[in-house]
Amino acid sequence: MRIQKVNESTIRIFISFTELADRDISMTDLFQRSAKSEQLFWELITQAREEVEFNLDQPFWIQASAASNDEFVITVMRQEDTLETPVKEKEKKRSPRSKVLEWIYVFDDFEDVLAAVKRFPDFPRVWSSLYVYEGEYYLVVSHLGSGKKKQYAEALLDEYGEIVDISKVFLEEHGKAIMPERAVQIMKKTF
1 MRIQKVNEST IRIFISFTEL ADRDISMTDL FQRSAKSEQL FWELITQARE EVEFNLDQPF
61 WIQASAASND EFVITVMRQE DTLETPVKEK EKKRSPRSKV LEWIYVFDDF EDVLAAVKRF
121 PDFPRVWSSL YVYEGEYYLV VSHLGSGKKK QYAEALLDEY GEIVDISKVF LEEHGKAIMP
181 ERAVQIMKKT F
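Numbering-wise, full-length UniProt numbering puts 29 at position 29 of the sequence shown, and it's gapless, one number per residue.
Calculated from the structure, these hints are not laboratory results. Keep in mind the model is a prediction, meaning the values are calculated, not measured. A hint or two may mislead.
What the hints assert, rightly or not - In silico PhoX-like links for lysine-lysine, alpha-carbon gap of 20 Å or less:
1. 148 x 118
2. 168 x 148
3. 188 x 149
4. 149 x 118
5. 5 x 168
6. 118 x 36
7. 176 x 149
8. 188 x 150
9. 5 x 118
All chains should be built: construct the whole structure from the sequences, respecting the hints.
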């Protein structure tokens, strides 16, 4: 089991199906919010607090999906805006990209990037860029929306690549931009 801090309000918890079986937790338990799965969730949150300093002290949402054939991922995201925040303060915080979560995936080679992107669902507003750094390819994606299409896209990215905890700014400074904009759309159309 491993915990990855994506940003200040989001973590991903990777747990193998073997670890779930060792705890006598089935997929049905997870999706139906059984007592066993809730106990596991709060144990994982306690572990996240200790390992990556992630405190779940405000409303949140969770998403669970298969990351690979042998691993399951639970994404936990705190809601940043609360009802107590004054309206003017909310308006100051809001910018066109303030709610955007960028996911950055690393791939061993360009063929792996293409394999994932070719099967990618169509997202009308997806933002994406592709960089190369130290011989590996980094795909930055955001605006995937929500729902089953997003889950499918994340599963594809997890199948062919691996999510990494670096920033787009780092890639812009240290890597080489291959497709600085519309990378997913360009690759789907061209290859």
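Next item on the list: Mind checking the alpha carbons of residue 5 and residue 168 for me, to see if they're no more than 20 Å apart?
Entry: holds, 16 Å
Notebook entry, point to check: Regarding the pair residue 148 and residue 118, is the alpha-carbon distance no greater than 20 Å?
Noted result: holds, 17 Å
Check: When you check the alpha-carbon spacing of residue 5 and residue 118, does it fall within 20 Å?
Finding: With a Cα-Cα distance of about 28 Å, the restraint between residue 5 and residue 118 is violated, given a limit of 20 Å.
Check: Are the Cα positions of residue 176 and residue 149 separated by 20 Å at most?
Finding: violated, 29 Å
Notebook entry, point to check: Taking only the CA atoms, is the gap from residue 168 to residue 148 under or equal to 20 Å?
Noted result: Status violated; Cα separation ~26 Å.
Item checked: Hinted pair residue 188 and residue 149, Cα distance within 20 Å -> holds, 16 Å
Margin query: Hinted pair, alpha-carbon criterion (20 Å max): residue 188, residue 150. Please report holds or violated.
Written below: holds, 17 Å
Next item on the list: Mind checking the alpha carbons of residue 149 and residue 118 for me, to see if they're no more than 20 Å apart?
Entry: holds, 14 Å
Item checked: Pair hint outcome, residue 118 versus residue 36 [Cα-Cα no greater than 20 Å] -> violated, 38 Å
When the structure is compared with the earlier hints, violations turn up for hints 2, 6, 7, 9 and for no others.
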